[in-house]
Amino acid sequence: MAKLLLYLTLATSLIPLFSVAFSPENPTDRRVLVLVDDFAIKSSHSLYFGSLTSRGFQLEFKLADDPNIGLQRYGQYLYDALVLFCPSVERFGGSIDVASIVDFVDSGHDLIVAADSNASDLIREVATECGVDFDEDPAAMVIDHINYAVSNFDGDHTLIASDDFIKADAPVLFQGIGHSLNPANSLVLKVLSASSSAYSANPKSKLSNPPSLTGSAISLVSVVQARNNARILITGSLSMFSNRFFRSGVQKAGSSIKHEKSGNEQFLTEISKWVFHERGHLKAVNVRHHKVGESDEPAIYRINDDLEYSVEIYEWSGTSWEPYVSDDVQVQFYMMSPYVLKTLSTDQKGHYSAEFKVPDVYGVFQFKVEYQRLGYTSLSLSKQIPVRPYRHNEYERFLPAAYPYYGSAFSMMAGFFIFTIVHLYSK
Amino acid sequence: MARSTGKDAQALFHSLRSAYAATPTTLKIIDLYVGFAVFTALIQVVYMAIVGSFPFNSFLSGVLSCVGTAVLAVCLRIQVNKDNKEFKDLPPERAFADFVLCNLVLHLVIMNFLG
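Residue numbers (UniProt numbering), protein chains in the order written: chain A, 1 to 427; chain B, 1 to 115.
Accuracy of the hints is not assured; some may be wrong.
Unchecked claim - Not the full set, but computed from the structure, chain A residues with beta-carbon under 10 angstroms of chain B:
| no. | residue |
| --- | --- |
| 1 | Pro338 |
| 2 | Gly407 |
| 3 | Met412 |
Derived from the structure by calculation, the hints contain no laboratory data. Ideal Cβ positions, reconstructed from N, Cα and C, are used throughout, including at glycine.
Extracted from the complex, chain B is given alone in its bound form:
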């Protein structure tokens, strides 16, 4: 049984990789951006676990900037993806403009909360 689950996992992983290779470059760039944001958030959480949460507002501000960035990037990816039937009629420029505006508001709030 273990061998078959091992083989199944490997097969799954291979199919995932080949399917992912077929995605357009634009989306891959967005995925990279999201990964960078989440990675930065993880670094901050580990740092807080070591040092303690003393300037808690700064910690929240830093983590939320990463999380907010990731969330907005994911929204952009959803709206820009041509295979997504829900947003078929939305022009990608409109999606990008929303993305930029929301990021501006996010960074304004983050700078205020950073202390």
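Chain A with its partners taken away, still in its complex shape:
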């Protein structure tokens, strides 16, 4: 009987632990749905999936046209992130379609989309909803006759070795379609772009007119961070994630350096960390403001008060919240336009504070912190506070500018007094 009770309490106390996934306290995604064209991808891309599971993700593999798949049930989302490794799917099964994927992202969840040279219209549509446009020619691939990787079996220079980014040990192998970004879109970012000698065309047929996508306007890998901090990774090469590319060595044509291992594994591991909110995720807590010298938060300020504003910002390290250190966080004292804009100073432990004087204008203000930096979630804090003018007895009693007038009035009184004495008592 006691043992049963023990097991029961243990079981019930562990239930909340199982549900702590993707909460504000732990922003890394946990449950990931991977949609594939066929389950062979599970084994041919096992190194990539293995790296994800070793970091604690629960992957669920389903065929893209499986009629039982669904992102949500009874209004609750079943997964924290979605990976679409199904470039040739014509129609999603179950309750998934482009609209439900867009809703999934709109509710703050992350997405990885990998297309390939036989990408269907559906995948292209999903990518367009996210802000990138794949090349419209269905048979086009990215070709680069200068930066291609030397290999035994490819003769058409579609296997590209790209090293147009910083801090990778070896170039990244890419074989697939390219996409372009709208330069007016401020949310989408090119992570890996093709070199200026690349173009997007059908490798098997002769070029009849100049290709529409050329040079470094072609993006090979892009990321999007939405305004609700959902992150999307879009790439045109599913084979970039494959074991074959992970393991193969790279030798760029024309150079004699032969790298033992391509940079694919390192690059994709790091970028998956970013997409699934293991890095670059900020939270701001403990917004406080008070008059200098006091410690409790007043409900209203007076003009020309000295006040102090403080906030704590932490960055998620994958396992815990570390203090975020930066010198460019600013606070605005805002009413229709910022009256005060001050850079917060930090004590290097995540505590930011600033002191300033309330402006000489009364009204309802807001303390606003708008912090958007490349690679980090955007912080948008706002706290409303009214500001009142002086009460009638808070003005200065005697104005220094009027001292001569005070003096003259009193001197007239004194003069009058002396004059009466003199006038009365003189002969």
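Guided by the hints, dock chain B onto chain A, whose structure is given.
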């Protein structure tokens, strides 16, 4: 012509001085008092011209105290002057009492308006 106007001005000034020396001391004291009030008023106007009229009520109060004092003193001088035929029957004590009362009211108003 200029020399004669210069000489005329000098002659005028001399006759004025000698005539003024003949006035009674009492009146001279009142004249001194009026001069003091007007001088103080001028100082305040120059100060306002330099610094600006910010507490305008204080400026008005200060200037008007000087001007009011001068005006009341002039009234007293008129009423007390024995050569003045209009106020021959007015006792100088009555004139002085009026002067004191009016000054009291003036200073009450000035103190209120000074701010």
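Status of each hint after checking the structure:
Violation of the interface hint for Pro338(A) is found here, the shortest Cβ-Cβ separation to chain B being roughly 30 angstroms, above the 10 angstroms cut-off. With a cut of 10 angstroms, the hint placing Gly407(A) at the interface with chain B holds, because the nearest CB-to-CB distance is about 8 angstroms. Contact between Met412(A) and chain B, as hinted, is supported at the beta carbon level, the nearest pair being about 5 angstroms apart and thus within 10 angstroms.
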